[in-house]
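From first to last, the protein sequence lines stand for chains A and B. For the first sequence, the UniProt record's numbering assigns the number 1 to the initial residue and increments by one for each residue that follows. For the second sequence, the UniProt record's numbering assigns the number 1 to the initial residue and increments by one for each residue that follows.
Please keep in mind that the hints were generated in silico from the structure rather than gathered at the bench. Note that the coordinates shown come from a computational prediction; the quantities given were computed from them, not determined experimentally. For glycine and all other residues, C-beta sits at the position ideal for the given N, C-alpha and C. Fair warning: there could be bad hints in the mix.
[Stated by the list, open to error] Covered by chain A, according to a simulated footprint, are these stretches of chain B (three or more residues, beta-carbon under 8 Å): (1) 201-213; (2) 216-229; (3) 256-264.
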Amino acid sequence: MTDPVLEFAHVSITAPGADGPRTLVHDCTLQVAPGEVLGLVGESGSGKTMSVRAVAGLLPDGFTVEGAIRIDGQDISELPAKRLRDIRARRLGMVFQTPRAHLNPLRTIGDFMTEALVTVAGESADAAARRAMELLAEVGIPDPERRMRQRPGDLSGGLLQRVMIAATLAMDPPILLADEITTALDVTTQEEVMAVLADLRRTRQLAVLFITHDLALAAAVCDRVAVMQDGRIVETLSASTMRADAREPYTQRLLSAVLPADLLSGQTAAEPILVVDGLQKTFHVRSARGGRREVFVAVDDVGFALAPGGSLGIVGESGSGKSTTARIICGLESADAGTVSVKGEDWTTPARSARGRRQRARIAQMVFQDPYLSLDRRQTVRQCLTEAVAVHRRSASRAELRARVDELLASVRLDPTLADRRPRSLSGGQRQRVAIARALAADPEILVLDEAVSALDVTTQVEILTLLDAIRRDTGVALLMISHDLAAVRRLCDQVVVMRSGRIVEHGPIADVLDDPQAEYTRLLLDSIPREGWVPRRRIPARVSVPDDSTGAASGSSTSAPITALEGDR
Amino acid sequence: MTTGVLRRVLGKLGALLLTLFLASVVIYSAILLTPGDPVVALAGGVRPTPELIAVIKAEHHLDQPVWIQYLYWVGGVLTGDFGTSFVYKTPVVDLIGSRFGITLLLVLYTVLLIVVFGVGSGILAARRRGAAEKAVLVGTSVGVAMPTFVVAILLIFIFGRLLGWFPVFGAGEGLLDNLYHLTLPAISLSVLYIAYVSRITRGAIVAQAHSEHVDTARVRGIPSERIFRNHVFLNASPQILAISGTTIAGLFAVSAIAEQAFGIGGIGSLLTEAAARKDLPVVQILSLLLVALFVVLNAVVDVVIAFIDPDSARSRRTA
């Protein structure tokens with residue numbers, strides 16, 4: 001192997017904080033050779049971005065770096081500031097996640113392209129302009145002459161990202177730092193940008209440090225992949241044999257998150273992240289006819305397990321106890337009997353202290369049915385997300401908070417121009433994306449979706465479900481989806497629990513349960529899904545009692561509503 | 001020039017004319033609200049005979065409906081006839097003309113102080129951490145809490161009485177003497193606005209300095225002076241300009257305080273005086289002039305901003 005052009009030797013990065021310094025990157029060692037693409041993968045907050053920012057000299061004030069970062073074998077910490085700036089300008093190119101934010105909106109593309117050529121390389125304005133147009137053509141931008149006169153606001157995100165790449169190539173650097181460069185782009189644009197990058201790497205022998213949280217993408221474009229967890233590189237693998245060679249549970253978890261659902265069932269070796277056992281909850285409700293209070297069993301002996309990065313749907317009609325189960329898990333309700341354990345910890349009783357609640361919130365987050373009600377109407381999207389991030393990262397600087405909010409907006413595919421809007425001026429789907437982003441702010445390991453798509457129209461529902469599925473694959477968050485909609489659950493979940501009147505009537509892999517339902521009630525639910533050739537039929541509503549049931553039909557032992565009553569109508 | 005800028009200029013021009021028209025209506029209607037009969041004021045305070053009243057009314061079109069009176073007035077203003085002062089019995093244009101120069105000089109002097117010290121200290125506070133930043137922040141906190149008349153009294157006491165460095169009354173003769181006389185008034189007018197503009201400048205620059213495109217420029221090795229000029233200050237300037245524009249436009253009216261305190265015969269003190277003596281033609285024309293200056297200056301600032309940031313002229317796109 002040729003000598004690496006970029007090398008990390010035992011690099012640690014420490015951030016100052018209100019409660020003492022925090023080490024974000026621990027003892028990181030890696031090398032990138034010319035013509036090689038090294039992927040640096042891991043979840044957000046794992047230290048990937050700080051590592052490249054250290055190379056580029058973009059660490060926030062007060063951050064310190066130990067160990068050696070070498071460019072062309074030269075330890076950059078030993079260089080005088082002016083020389084280092086020059087080396088960075090000539091030897092490094094960096095492309096960021098959000099091209100729109102990383103280009104000065106007031107200056108033309110031409111200004112941007114030629115600036116380094118003129119001020120750093122000392123070329124004449126004419127020569128620089130000619131070179132800039134060549135570069136724009138090289139990255140496949142049509143009509144470069146016109147583009148040079150335009151400002152970033154006139155170009156699409158995909159074009160801007162190409163402009164960024166072209167501009168970094170202006171100085172012909174041997175090293176390219178790519179920080180989540182396609183995360184903010186849609187899949188087709190991502191494909192184009194990656195194709196451009198692959199060409200350049202071949203033709204220019206670029207050494208690329210490619211940061212992504214997307215393992216599937218990393219496996220496709222990288223030669224080697226370094227997996228980073230909590231600031232440490234846990235293992236470095238060859239991209240082509242990554243699946244077979246992965247030893248670390250963290251890597252396996254990341255890998256399992258990208259595997260299609262049908263492959264997942266074979267690898268349930270991982271410890272469940274959530275185990276619910278023998279859960280019981282009774283409400284004392286006033287009888288509909290007045291008089292004595294009655295006992296209403298909302299949840300009766302409910303138990304299931306959720307794998308890390310897995311997805312479990314709880315389906316049933318309203319009053320089946322599915323929402324109560326979710327609320328107990330999230331600590332919004334306490335159980336009368338049974339246990340809830342998350343990552344081996346007992347969560348049966350709701351956390352009392354603010355600290356305890358915050359700790360649990362970091363693991364489990366909830367998304368509710370109506371985002372309009374669950375969002376503060378006076379807060380803009382950015383304020384709302386900043387607040388959510390700040391709760392969990394109390395020592396974060398403003399720049400860090402902003403960066404994280406931008407990351408969240410990108411992760412829910414929400415147009416950054418909407419960040420300054422208030423919920424009133426957003427569509428239902430956009431609001432739900434904000435609610436999801438807010439839940440993701442805590443970097444949770446479990447996302448509880450309480451009828452999160454039920455209030456949306458069908459196409460928006462599909463969009464949100466697709467988004468949630470992508471988020472699960474990207475971040476490895478486990479989904480617990482509460483819904484009455486079997487079609488929605490089928491789209492998103494591997495496992496399903498069917499509940500009726502507080503009890504589980506059926507439980508298993510989604511395909512088994514939905515394709516070959518054993519319980520009568522499951523069959524009934526399936527029959528009610530609209531489909532081709534489907535004729536809606538009227539059915540007697542399941543006789544279940546909800547606490548505010550005013551029909552009076554629910555008096556007495558409502559939990560034993562016979563399923564035969566439903567069959568009689570068929 | 002892009003169409004965005006052109007459209008913005010034309011739109012501004014229309015809005016400007018409309019504002020001036022509405023302002024003239026409001027200012028003229030103020031007559032109806034002023035207590036006392038203008039005829040009495042026109043007669044010089046004596047009780048006029050019925051014949052005199054008829055003469056005065058005919059001369060000033062007071063026997064016509066109000067809207068006709070308004071049209072006469074606007075027509076006069078547009079053709080350069082600004083009317084005659086009730087009190088001085090001289091043309092309003094002469095009254096204002098002889099005083100406008102000194103107010104203009106005072107305002108320009110003040111603007112210079114605001115731009116140099118306000119923007120300058122804002123840049124300083126934004127770029128230098130530590131003592132300089134703290135000093136500016138403390139200074140501006142005190143500055144924004146100092147009303148102009150308080151500053152004027154303090155300056156008169158310290159530099160006029162105790163030290164005797166500057167004159168505290170009148171405007172002097174000749175440009176240099178004018179400037180010498182106007183130093184304390186200009187300082188007293190500028191303190192509040194220096195503090196204000198300094199804070200806005202600092203905030204705008206800090207916000208821009210943390211923006212991501214500045215990171216890009218840094219990675220590319222662009223010299224830091226150039227980054228500051230072309231990526232930080234340029235991008236912060238629309239905000240600084242917008243605030244400074246309103247401030248400067250308002251100075252023509254606020255100058256009255258300093259003119260009163262330092263006994264300067266400018267349009268500010270003319271306005272206070274005319275208002276006190278119910279000299280309606282003077283009050284009307286001065287009010288209209290102040291409104292015109294305000295909207296024109298703001299329009300100019302808007303056009304400058306549109307040149308810096310053409311996108312601000314367009315309706316926001318959704319990408």
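Verification of the supplied hints:
1. Counting residues of the segment 201-213 of chain B whose C-beta lies closer than 8 Å to any C-beta of chain A gives 4; at least three are required, and the coverage claim holds.
2. Coverage of the segment 216-229 of chain B by chain A holds in this model, with 9 residues showing a Cβ closer than 8 Å to a Cβ of that chain against a need of three.
3. Given a C-beta distance limit of less than 8 Å, the hint that chain A covers the segment 256-264 of chain B is violated, as 0 residues qualify and 3 are needed.
Comparing the model with each earlier hint shows a violation of hint 3 alone; every other hint is respected.
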